[in-house]
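Keeping the supplied structure of chain Y fixed, place chain D upon it in accordance with the hints.
Protein sequences appear in the order of chains Y and D. Residue 441 in my numbering sits at position 441 of the first sequence; the count goes up by one each step and never skips. Residue 357 in my numbering sits at position 357 of the second sequence; the count goes up by one each step and never skips.
It should be emphasised that the hints constitute simulated quantities derived from the structure, not laboratory data.
As the list makes no split between identical chains, a pair holds if one copy fits it or if it spans any two.
Capping the alpha-carbon separation at 20 Å, the derived lysine to aspartate or glutamate pairs in DMTMM-like fashion look like this:
no., residue 1, residue 2
1, Lys455, Glu624
2, Lys513, Glu624
3, Lys25, Asp634
4, Lys568, Glu545
Protein chains: 2
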Amino acid sequence: MFTQQDKTAINELRCLCADVVQTPKSGHPGAPIGMSPMAYVLFTKFMRFSSKNPEWMARDRFVLSSGHASALLYSMLHLCGYDYSIEDLKKFRTLHSKTPGHPERVEYSNGHKNPGIEVTTGPLGQGLANAVGMAIAMDAMKPYDSENMVVDKEARVYAICGDGCLQEGVASEACSLAGTKKLKNLIVLYDDNSITIDGRTSLSFAESVKGRFEAYGWNVLEVKDGNNDIQAIYDAINAAKQSDKPTLIKVTTIIGYGAEKQDSHSVHGSPLGPEGCQYLKKAYGLPENESFRISQETRNIFKQVIEKNEQSYQVWQQKFEQCAYKQEILDRFSFIQNMSVKSLIEKITPAVQKFNEENKGKATRQSSQAAIQLLHDTVLAKYMIIGSADLAPSCLTTIKNLNPAQYIYFGVREMGMCAISNGISAYGGFVPFDATFLVFFNYCMGAIRVGAISKLQTIHVFTHDSIFLGEDGGTHQPIETLAQIRAMIGVYDWRPCDCQETLGAYIGAAGRKSQHVMALTRQNVNLLNSNLEKTAEHGAYVIYENEAAKFTLLSSGSEVETCINVAKKLNLRVVSMPSFKLFSEQSKTYKQEVLKFNRENIIAVEPYVSFGLERFAEHVISIETYGASANAKDLAKFYGMDQEGIEKSVKAIMQ
Amino acid sequence: MFTQQDKTAINELRCLCADVVQTPKSGHPGAPIGMSPMAYVLFTKFMRFSSKNPEWMARDRFVLSSGHASALLYSMLHLCGYDYSIEDLKKFRTLHSKTPGHPERVEYSNGHKNPGIEVTTGPLGQGLANAVGMAIAMDAMKPYDSENMVVDKEARVYAICGDGCLQEGVASEACSLAGTKKLKNLIVLYDDNSITIDGRTSLSFAESVKGRFEAYGWNVLEVKDGNNDIQAIYDAINAAKQSDKPTLIKVTTIIGYGAEKQDSHSVHGSPLGPEGCQYLKKAYGLPENESFRISQETRNIFKQVIEKNEQSYQVWQQKFEQCAYKQEILDRFSFIQNMSVKSLIEKITPAVQKFNEENKGKATRQSSQAAIQLLHDTVLAKYMIIGSADLAPSCLTTIKNLNPAQYIYFGVREMGMCAISNGISAYGGFVPFDATFLVFFNYCMGAIRVGAISKLQTIHVFTHDSIFLGEDGGTHQPIETLAQIRAMIGVYDWRPCDCQETLGAYIGAAGRKSQHVMALTRQNVNLLNSNLEKTAEHGAYVIYENEAAKFTLLSSGSEVETCINVAKKLNLRVVSMPSFKLFSEQSKTYKQEVLKFNRENIIAVEPYVSFGLERFAEHVISIETYGASANAKDLAKFYGMDQEGIEKSVKAIMQ
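Same shape as in the complex, but just chain Y (with noise of 0.2 Å):
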């Protein structure tokens, strides 16, 4: 099947991928040019896209883990017809360009992205977990595709990743939940090429991956010369999309393959050089003065690749016209990208009194549970994916009526979760919503900050906020975790206060294309006079007006309530704050009106640090210590969070 000219193509590629990193001088060159000829076969011989058309919902889809081997997918996407050019390849690494250092899945406010770029990769193992979360969203969509449309048979979700994938949590979480899931529609090539940062694997990774992957329930095919046995590349990939299970076929390679340093970690991160790059092309019989260098036979092969791909989707293209849910689907992929807050307060409202009347008086995880429900009732049904990480029976996130494709047992596993739901929202069509304790963002911070940067939709439903959390005591009491999501760009903190609030939250949340963590309560709330348009659309709001006050309480969650009781005895104004970050984005003006004061009048009241809210206010009643274990009401009193305990403190500072 293959010949001569497929090698000398991958010798090319190898080639280009080295004169991009040696443009900026600076980047990785080492593993793409190991990875070439797997790349090659997976995108010559099997990934189905439409250049032209990179949004094709029927595409497969392509992962590239180990993010900083860009440089090949860059090259790669040049030759197959990609809007990327020559000199895109050339501005690698430099200002505003498309070729950054990492693959970033970037959306600009006009709406572009850098085409063929599923999911931004760089921090490792993670790419591996969006990779299992589309294969997840794959599965998801076929209920609601009965003609194959989106997914057919040969869909697939291809993924390459290195030895540093394989060593970081969150991919053994992912892939272990993807064997104990099944997903055959995933193919993970492993570039194994014995070598990390601080030399040969052995150092710190001797295990068997085989073994490992076997043991999570994985099919496990071996390439043993990646280097130069494409056929045998082919081979295992046509036998992947055979299994019953998810693949690794672990390709062994010699980084840097033909290259003076090759099978060192000196070709990892650094360019070899423009001799070094000389070197290499003489090894490979190549002119070696030219740079960026595709011959025409080369092309040629890309060009009926790109052309064998566009005819299959004109086919489906002129299927998909004829099908009979089209419209339904066309909707479903815009559906999430313009679902606004003010469309959903106007599909909601007519449910909110009910709602209220049957959750006031419930723990915000609780109303959260009713809140889910009543936007899969009325708008999501068919969107949303949901899961905790072995909590659903705490978090409440389990509902009626739910499709069960679109329901995930995640496992103790929340960074995997969490990277998981950016390949949910990547995939497209689908909004997820994941699940754990609040203080366990900690754990899934990682996954969150690189969702943020892509700007991709997810919901965390995290419970159990505060010291109020009760008895499991300091290391489950979030304290920092407030002022840490609201330190992050992108990331919006939603502290309802009661079960109106909470549904507000939930609109804000739906309607923004960003990463939302709520921080519910275990504990009950009484309904207050809380508004849910100013919750979704401002952040924060008077709650509690009193012309006569000269102080303002600015509170949050299950204190608004007990601000409220010290506000009418103390002759003190609240505003309550659900979010902090959306309350931050507003105007000057709206910002002044709804705190009234300067500075210094304003108190603010959270059971978390007072880091970060000396934005807003001069003097902070906040816990600087971490909790301890004990029921909420003994909690609440130890920590002056209780009502006599916030009056004295407000007293104290008002003198």
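Positioned in the frame of chain Y, the structure of chain D alone reads:
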């Protein structure tokens, strides 16, 4: 070897655990009941301890990784003669008790510790990583222990974990490393009860744990009836002690064995109720209506266990009195504990001038390497354990003359690394230094938090701080990270501006029993007129005074020099703040003296988000988006963080 009386003792232990959880009407009875047999065999037949001297340096270590099973640990410690009375057990999960919901390693200011609690557990997976760290520390002790006084051939680290721990990525990371390092002193009992909170493990965890651990290079043994076959448990632990690999003993049990709702998640997280406790006692033929009952026969068994152990301790004590290096070892354990900033400054000051000459103009990651070398050469040679998550050539963690047993190649496993560091620190006698890029704080945070709660000292050598990491782009550029560190309790941020502050930061960190995160530059910085003592002791100080100034620039790290240049042009003064956290802790007077002006006339300058800097400054020149891929110079210009940009922003503020 075992008699009916042992079985009765185990049954009484099960019922005691149920009673403990019943008292506060909250907690986890199922795992303690199910794991009672393995804990009984381990503590009565293998564990070497002195409950009268719980800090005995030669003791075996025990980690309950599934920390929610704390009732079992407290009950066992009570029976083994540790300072836990029945009254303490009755205070389970109540404020200020010694028996919080999860085991907490706490050292109060009066030196009191919860005896027998080696590490804080609860956040799943981390306990296993802590155990790996302890096993590594044991091995690192050997070169200093020729007579095997601290670590003899019987010394082991034992851990018990459940399904939850094994699903967590952090455990995967640590256990893979343990296999690579052939940590034969590590024995883990895995409570394989097939139940998690969401239901049966088959929902999310269908992998072969045995296969996976064998792939890691572990010895895996199995006990098929962990409910009754205590001889098999004994034989397995005995066999494990003969292995030249770490051992996982898969003990199949039924959660809540004997309880009415055994083998279901309903016995996991809720007490059995009064009737449930009665049912359990009846099932075991014990008096139904007695609570906290331990028969005299059982007491006698434990009396013998305690006596046997005390005799061993006495034998050891006599031998230790004769040991040639007795004082050296005693000093080792007290040295780290007593190391103070003051004493370190004294010891290091004579070398500072030479240090500055050699390191001026270098990147702070380079001065960091020199500072660690200097700490090694002058003070810490015997005490430091260093390693990086596969970034030694970037984070520069390799130093000369370090004992190889004190260097760890962690592999690409950031959270595992930090949790292993916690284990090393908890073992005692060593201070761990670990390393990665600063942005990957977001992978590490869950472990750093538990270290902070436990007041375990680790120095995190995190390099490539800020956007000035450059071409690797937004995924690798920390923007929110400093704020997230500063928001934490018990964690110090250190962002030194030059080589001298870098050395000061290490002194400040080495002298404080906390978690410390260094934020070190990739790019070069000049030696400024910086102050080592003030860095280490106060966290901020005036680096450029100007009596005529109307504004203070408050900055850190690589921006301090730029701020000084701007201050010279615009008639300002500059405060260098290498540690926000340490500065926040200073007296009001010191802070006022340093800052000089009110908030309105302070301008903070950092290439990070403004969040949190508002504590000191009304105005913040910051970066409120994720970074981009480009060289440092282009980034500085684009983000307004070069001199021109900062000058322009400052002028706009002052107008």
